[in-house]
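Novice: Here are the chains, one letter per residue:
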Amino acid sequence: MSMNVQPDLEFIKAMKEAGGDTLKQCYQCATCSVACPLSSDDKPFPRKEMILAQWGLKEKLIYDPNVFLCHQCGDCTEMCPRGARPGDVLGAIRAYAYRALGWPKALATLCSSVKNLPILIGIPAAAILFCWLISGGMHIPAGEQFARVGYTQFFGHWDFRLLAKNVLFIDLIMLTAVGIALTSLYKGISALWKGMEASIGLKDVPYRPSLVQFVKKFLWPSLIEILQHNRFRECTVNVDRVKGHRPLMLGFIGLFIVTCYSLFTQDVIGIFIPSMHGPISMWNPVKLLANVSAVAMIGGIGILWLNRTKMEAAGKATNTFYDWFLIWMIMGVGVTGLAAELLRIIGIPSLGYVVYYLHLIAVAMLFLYMPYTKFAHIAYRTFAMAFERYRESSYIKNPLNQ
Amino acid sequence: MSDTAGNGAVLVVGGGISGITAALEAAEVGIDVFLVEKNAYFGGRVAQLNQYFPKLCPPTCGLEINFKRIKDNRKIRTYTLTTVKSITGGPGNFEVQLETMPRYINSNCTACGDCGQVCTDEIDDAFNLGMKKIKAAYLPHEMAFPRRFVLEKNACSPATLDAVKAACKYNAVDLDMQPQTFTLKVSSIIWSTGWNPYDANKITNLNYNSSQAIITNMMMERLAADNGPTKGKIVRPGDNKEPASFAFVQCAGSRDENHLEHCSYICCMATFKHISYIRDQYPEAKIYVFYIDLRTPGKYEHFREKFMADPNSTFIKGKVADIVAERDGGVTVIAENAVTGTKIHQKVDLCILATGMEPALGAQGKALGVNMDGNGFIVSDPERGMISAGCAKSAVDVYSSGQSSTAAALKAIQIGR
Ligand SMILES: Cc1cc2nc3c(=O)[nH]c(=O)nc-3n(C[C@H](O)[C@H](O)[C@H](O)COP(=O)(O)OP(=O)(O)OC[C@H]3O[C@@H](n4cnc5c(N)ncnc54)[C@H](O)[C@@H]3O)c2cc1C
Ligand code: SF4
Ligand code: SF4
Ligand code: SF4
Ligand code: SF4
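Sequence order for the protein chains is A and B. Here my numbering is used: the first residue of the first sequence is 1, the next is one more, and so on. Here my numbering is used: the first residue of the second sequence is 1001, the next is one more, and so on.
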């Protein structure tokens, strides 16, 4: 094997920042590929990824499905005879890949370093403050009014029936964030998919699945598998993460449903029945779901927080911004959300408004930075899992395609 | 008991090939030498080998002549079952306290074997790494030097002890022996305490205990030895099956920061040697060697080439990281072949872990003030009158052990002057 390997300083620096600088310790013994409970017989990992990273072949790594299939359990790190910490290195490669696949580049780069944290918080903070200022809602309600409307008039109120003023501003902020995130993910996943196909030498395939077939055969089974957390359960050293990750994920799904519901009621039904614009009753099943989900989310992220602290204390994981930023953001969303609600119930409007502002910032951050932070795994890993199925399917293995 | 041996005396701790060599080198220039050995016999690990490279001769051919030289040399005093308890003083005037454990059989013993005949209690055969049981009154191995029996008193019932004592015609059984401590005055100390096989149980992912089909390389030496538990027939422990396939797991516990960080240097060579043992008995057997990289020092290159060319031997670059016991008594070893990039599940009848050499002195050495490196090897420190030799110093073969022992003897002599 002879090749001209140019050391890629930018890549090496990125690896270092994301906790992957142990990679040079690797001497290619392949213990990790056997230790990894998720690595397959035909395409084992992470030994190969370690040598690719040593050689700085980042193009190969960004489009390597294995990089995204890894669940960061740390079983391989535990067994590595050289302390090369392959689990952490794969995490660092993912961080690099999210950045490389992310759009717009500037935002992706911003999300890669703790140094930028003030700016990362500052962007949504300023945007929301600006909206608040121009919305004219700039007053904090008295106790009795606060009890009635809660935060639904944070951005003020008008008598225009079709769309509540508050909803307009929230939509403006959040849909912008979501829009950027979705565009970024769409670009990223398309690039990833093409890259993954190219990596297995796929160019002209006579039979490609239709969109329906693709969803049915590859995407949907992957989603079911993710829901069940089967792969998480395969881990040994950190199997406890399931206890945190699963409630967290279910909490997110719950909140997603609630958001969709309120988007629908407020933005669509609200056009016809303006009373929909008020706060939802405490005993509405949707509100109940929201509260249960919020608790699951906070509990789940709390468990993951403790778990990660424990792993780092035991030297089983490296402390990186990449890992913590997401934990902080989710914790921020959960805690501010719950606190705002409590403040409303006990009726302290001024503090409530401040906390609600922080809550909006946290939610906006979570949406906006999703494609560039660890959060991106929900999209990239899902598609890598779908690709894994696709790669083994008759579309690829079919002799007609050879 | 106290011994003063005048100026320049040397204490050699550990009576393996290195200690023996160092003792002889020093004694043959007229220095007083005390050679102490923890076991009941001299020869160390080499005595346990079936054959040893480079010439693949039996260990007796190297050891026996040295034993004879020791017997003939009046400058060397030997102590078995003896270890160092404490050290005071410094170069030129060490005072070393030693302790000898009771053997319960005195020097009248002619090794006639009558006591073993009547003894009904049994113990694990340590020389054969526990692969068989022996009587509690025993000769450690056929070629043991000194040629004297040992009685494992703790393992015997009072009735057995009576019978053993009654059986001896030479009045050699002494049940009242006690541990004895004594002091030696020496100018320098040579540490040649050698190595122990790394405990395979500690390599948890290899599941050593899960199957009798998993053995260590030292067990392979004993299985292949004529004076071993199977009289030299390589069969699977437990069911005595003649294996049709073998897997060698290189670097088992070596080059691994969770175990031994160092390369044990000889286990790649030992594996090639074991392939030659296997080929003598099973010319057609399939052999799979899993390795990270094969380390064969230059002088042994021809050896490697010969066995790499064997059509029934496959060499796979990739460390075995999991072993699964199978119902038929065999095992499946799992590795990733780093050349093809796919995982292999290889089922074999017998699996040999190439376990490495762990320095034997361990924590005791630290307590005695011996200078040791991070891996537990003893750092030669002539300034402080302590010199290391052989595998106590670094993981090496017999030939290099001999060289470092000669060098150690020279340094020790200089300290005495
Ligand atoms: C599987 C295998 C196969 C090998 N095959 C070969 C081969 O074919 N050719 C080759 O050249 N080399 C071979 N070697 C290496 C060889 O065994 C060593 O080079 C050799 O044993 C070194 O001798 P030594 O005297 O330094 O140590 P040892 O043989 O270990 O002797 C040390 C002695 O010190 C004693 N001792 C330990 N601690 C104390 C203490 N505290 N107080 C008193 N005494 C103590 C021990 O009981 C022992 O008798 C092989 C090694 C292995 C693992
Ligand atoms: S990362 Fe560790 S276990 Fe994996 S190949 Fe490298 S050294 Fe071996
Ligand atoms: S961290 Fe876990 S899933 Fe990822 S490569 Fe290592 S063992 Fe496999
Ligand atoms: S102790 Fe006595 S009986 Fe036993 S071997 Fe020695 S001489 Fe023979
Ligand atoms: S000699 Fe070979 S088997 Fe032994 S530790 Fe070194 S490389 Fe591994």
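Among these hints, one or two may not hold up.
What the hints assert, rightly or not - Which chain B residues face chain A? A few, computed with CB under 10 Å, are given here:
1) K1317
2) A1335
3) A1338
Source of the hints: derived by calculation from the structure; they are not laboratory data. Every residue gets a Cβ at the ideal spot worked out from N, C-alpha and C, and that includes glycine.
Novice: Now tell me if each hint is right for this structure.
Specialist: Checked hints:
no., hint, verdict
1, K1317, "8 Å, holds"
2, A1335, "6 Å, holds"
3, A1338, "5 Å, holds"
When the structure is compared with the earlier hints, no violation turns up for any of them.
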